[in-house]
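Number of protein chains: 2
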Amino acid sequence: MRPYAEYLQYVNSLIQQSPFKGTPGNLYEPLNYILALGGKRMRPVLTLMGCELFGGNMEDAAQQALAIEVFHNFTLMHDDIMDNAPIRRGQPAVHVKWNEPTAILSGDLMMIKSMDLIRNAAPDKQKPLLDIFNKTACEVCEGQQMDMDFEVENKVNEELYIEMIRLKTAVLLGCSLQAGAIVAGATADAQKAIYSFGEQMGVGFQLMDDILDVYGQSDKVGKQVGGDIISNKKTYLLIKALELAEGENCELLHYWLNEDDFAPEEKVKAVTAVYNNLGVKEIAAAKSEAYFTLAYRLLDTIDIPAENKQYLHEFCEMIRTRIH
Amino acid sequence: MRPYAEYLQYVNSLIQQSPFKGTPGNLYEPLNYILALGGKRMRPVLTLMGCELFGGNMEDAAQQALAIEVFHNFTLMHDDIMDNAPIRRGQPAVHVKWNEPTAILSGDLMMIKSMDLIRNAAPDKQKPLLDIFNKTACEVCEGQQMDMDFEVENKVNEELYIEMIRLKTAVLLGCSLQAGAIVAGATADAQKAIYSFGEQMGVGFQLMDDILDVYGQSDKVGKQVGGDIISNKKTYLLIKALELAEGENCELLHYWLNEDDFAPEEKVKAVTAVYNNLGVKEIAAAKSEAYFTLAYRLLDTIDIPAENKQYLHEFCEMIRTRIH
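Chains as they are written, first to last, in our numbering: chain A, 34 to 357; chain B, 34 to 357.
Honestly, the hints are just simulated from the structure, not real lab data.
Be aware that one or more of the hints could be misleading.
For chains that are exact copies, the list does not tell them apart, and a pair is met inside one copy or across any two.
[Unchecked claim] Pairs of lysine to any residue residues, derived as SDA-like cross-links and limited to a Cα-Cα distance of at most 20 Å, are as follows:
hint, residue 1, residue 2
1, Lys168, Ser51
2, Lys168, Phe53
3, Lys158, Ile120
4, Lys160, Asp149
5, Lys300, Leu245
6, Lys130, Val185
7, Lys314, Asp182
8, Lys130, Glu184
9, Lys73, Met115
10, Lys130, Asp116
11, Lys168, Gly55
12, Lys267, Ile244
13, Lys160, Leu150
14, Lys300, Phe53
15, Lys168, Leu150
16, Lys168, Asp149
17, Lys73, Ile48
18, Lys130, Met115
19, Lys168, Asn153
20, Lys73, Pro36
21, Lys188, Lys267
Pulled out of the complex, with its shape left as it was, chain A reads as follows (with noise of 0.2 Å):
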C-alpha cells in the first residue's frame, strides 16, 4: 500500500487522461469541469486502498474508482441545483455557469457514465460490482431525500438524523472500499467488514463535518462559514441544540430559527454562542469518535497486514483531524 497523496496523485492523472469526448459540447463539457473542480477524491482514494489491501495493485481498480468519482460529481451537480448553491469548490456550479436543464441532464449522463465505467470490471467482478454500486446509489437518493423533507419536518431526532447521513453520505465510503475489494478478490466476509468499516467511518466524518461548518476555518475552500446556521440546516449540532437547551438557550435559538430577517454574521455569531453554552461542539466530537472507533473495531477482524490497516488509520485521522 501507499500514503493518501500517492492515491490522490493517480486519481487525479486518470482523470486527466480520460476526459470525456462527445457531442452536444453543452452536454459533455459540464461532466469535465466538475471533475477538474479538484477536491479530497476520497472516494476514488478509498476504491484504490480497498483493492491494495486485499493484496490487488491499484491499476486493476482504476475503472471502478473513476466509476464512484463520476457517480458522486453527478450526486454534486444535482445537489447543488436542489439546494440552490452557486458555488461548488470555490467555482461557479454547473446550473450557474451554464444552467440548470444543462445540469441536470449533464448530470444524467454522468450517471449513466458512471455504470459503464463500472462495467469495465473483469466479467466475473461485474455482478458483485453492479450489486453494491447500483444499491447504493439508490441509498444516496433516499438520504438526499430525507435531507431535503428534513427541511420542512420539525421532529427530526438524532436517530433519524443519523440515518440520513448513513444513507446520503457513509454509504458510499463503504461501497468505494468494498468496490477495490472485489476487484482484489476478497471473501464475502472480509467485503462485509470492510464496507461497514467505511460505512461507519462515514458517519464519523459527516460528524465532523458539521462541526466544521460552525468552528473550522473553511472559508479556506470557498464554503460559506456557518452557512448551515444561516440556513437553519438540521445538522447534528442543531438536533443537539434543540434537544439540551432550556430557559434563555432556548428562546435563544427559536428567535434566530424564526427570524427572517438578519445579518448572517451576527446570527452565526449568535447561534453559535448558544452552541458553546450547550457544549454541542464536544457532545458531536465524541458522537463521531464513537463511529471511529467503531470503525477501527471492525477493521481488527479483517486478516490483513498489520501495516495495511495502519494505512486506513491513517486515512482516518487526516479527515478526523482536518481543519476545513
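Based on the hints, put chain B in the right spot on chain A.
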C-alpha cells in the same frame, strides 16, 4: 405473436403489480405516479414483440420491458422540468405536483432502478442488454441536449434535425426491440436489423408527431394544440417552412417568430396558414413515409415468419395513422 392490445394489457398489469416500494415516500411516490399516468406504452410493447418475434415468450422479456418503460418515464420526468411543461398526459407533471428537487431526485432514482430491472435477465444476456441500454441512454441525453441547443440556434437544418430526433426518440425504439430480441436469443445480424427497423420507424414516428402537433386532434390527450408553433419549437415543419418561404410567407413567418405579445390561437392559425401555403405538411408526411418504407425493407431482410412481420406492420400502421 399477439395483437397490440394484448401486449399493452400485459405491460399495464406488470406496472400495476410491481409498484416501487421504499422510503422516503416523497422519493418513491413520484415513480409510481408517473408510471400510472398511462400512455401508449410503445417501448415496452416493442420489447415484448421483439422477444416473441424471434420465438421467445413475452413473459421472458417482462423485466426488460418494464426497465425500458421506467427509463422512458425517467426522461419524461426530467424533460418536463427542462421544458417547463406543467402537464403530462392531462395531469400535473411531477415537478408541479411535488416540486422540482423531488422531480430531479425521483428521476435519478428511476434511472438507477431501470438499470436494476435490466439486470434481472439471465446472466449470459446481461452484458449485451446493458451494452445497448447504456449506449442508448447516453444517446437519448445527447438528443435532448441537441433539442435544447436548437432553441437558441438559428442554423438548424434538416439533417441536424433528423439526427436530433434519431437520438432523442428513435434509438430507444430500436433498443426496445433489440432488448426483446436479445432475450429471445436472436442472432447478432437479426438483432442489428431489428434495431435499425425500430430506429427508422422511430424517425418516421417523430415526424408524424410534428405533423400531429399542428394538424392532429391533440386536445384529446391533454396536450396544447399547436404548442410547437406557440413556443417557436424548431420542428421539421418549421425548418422546412423557413427553408422554402419567400415573399409574403417569409415575412409572415418571421413576424410571428419574433412577436412576443400575441394571442396563442391567432399565432397558431397564422403560422398554420403559412405551412398550408408552402405544403410543408405534405413534405413532412412524405418524409415520414420514406422512413417507414425504409423500416419495412429492413424488416424484410430478417428471417422470421411472415405472420410475425405482419404484427410489426400493424404496429407501424397504428402509429402512422393515429390522429392524436
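We went through each hint and held it up to the structure:
1. Lys168 <-> Ser51: Between copies only: 18 Å across, 26 Å inside.
2. Lys168 <-> Phe53: Intra 25 Å, inter 14 Å, cutoff 20 Å: inter-copy only.
3. Lys158 <-> Ile120: neither (38 Å within a copy, 43 Å between copies)
4. Lys160 <-> Asp149: both (13 Å within a copy, 11 Å between copies)
5. Lys300 <-> Leu245: within (17 Å within a copy, 57 Å between copies)
6. Lys130 <-> Val185: between (29 Å within a copy, 17 Å between copies)
7. Lys314 <-> Asp182: neither (24 Å within a copy, 49 Å between copies)
8. Lys130 <-> Glu184: between (26 Å within a copy, 18 Å between copies)
9. Lys73 <-> Met115: neither (23 Å within a copy, 32 Å between copies)
10. Lys130 <-> Asp116: both (16 Å within a copy, 19 Å between copies)
11. Lys168 <-> Gly55: between (28 Å within a copy, 12 Å between copies)
12. Lys267 <-> Ile244: within (12 Å within a copy, 52 Å between copies)
13. Lys160 <-> Leu150: both (13 Å within a copy, 13 Å between copies)
14. Lys300 <-> Phe53: Answer is neither: 43 Å inside a copy and 42 Å across each miss the 20 Å cutoff.
15. Lys168 <-> Leu150: both (16 Å within a copy, 12 Å between copies)
16. Lys168 <-> Asp149: Cα proximity of Lys168 and Asp149: in one copy and across copies (16 Å, 9 Å).
17. Lys73 <-> Ile48: Close inside one copy (13 Å), not across copies (42 Å); limit 20 Å.
18. Lys130 <-> Met115: Both ways: Lys130 and Met115 sit 16 Å apart in one copy and 16 Å across, limit 20 Å.
19. Lys168 <-> Asn153: For Lys168 and Asn153, both the intra-copy (18 Å) and inter-copy (14 Å) Cα distances are at most 20 Å.
20. Lys73 <-> Pro36: within (14 Å within a copy, 57 Å between copies)
21. Lys188 <-> Lys267: Answer is within: at 10 Å inside a copy they meet the 20 Å cutoff, but 49 Å across does not.
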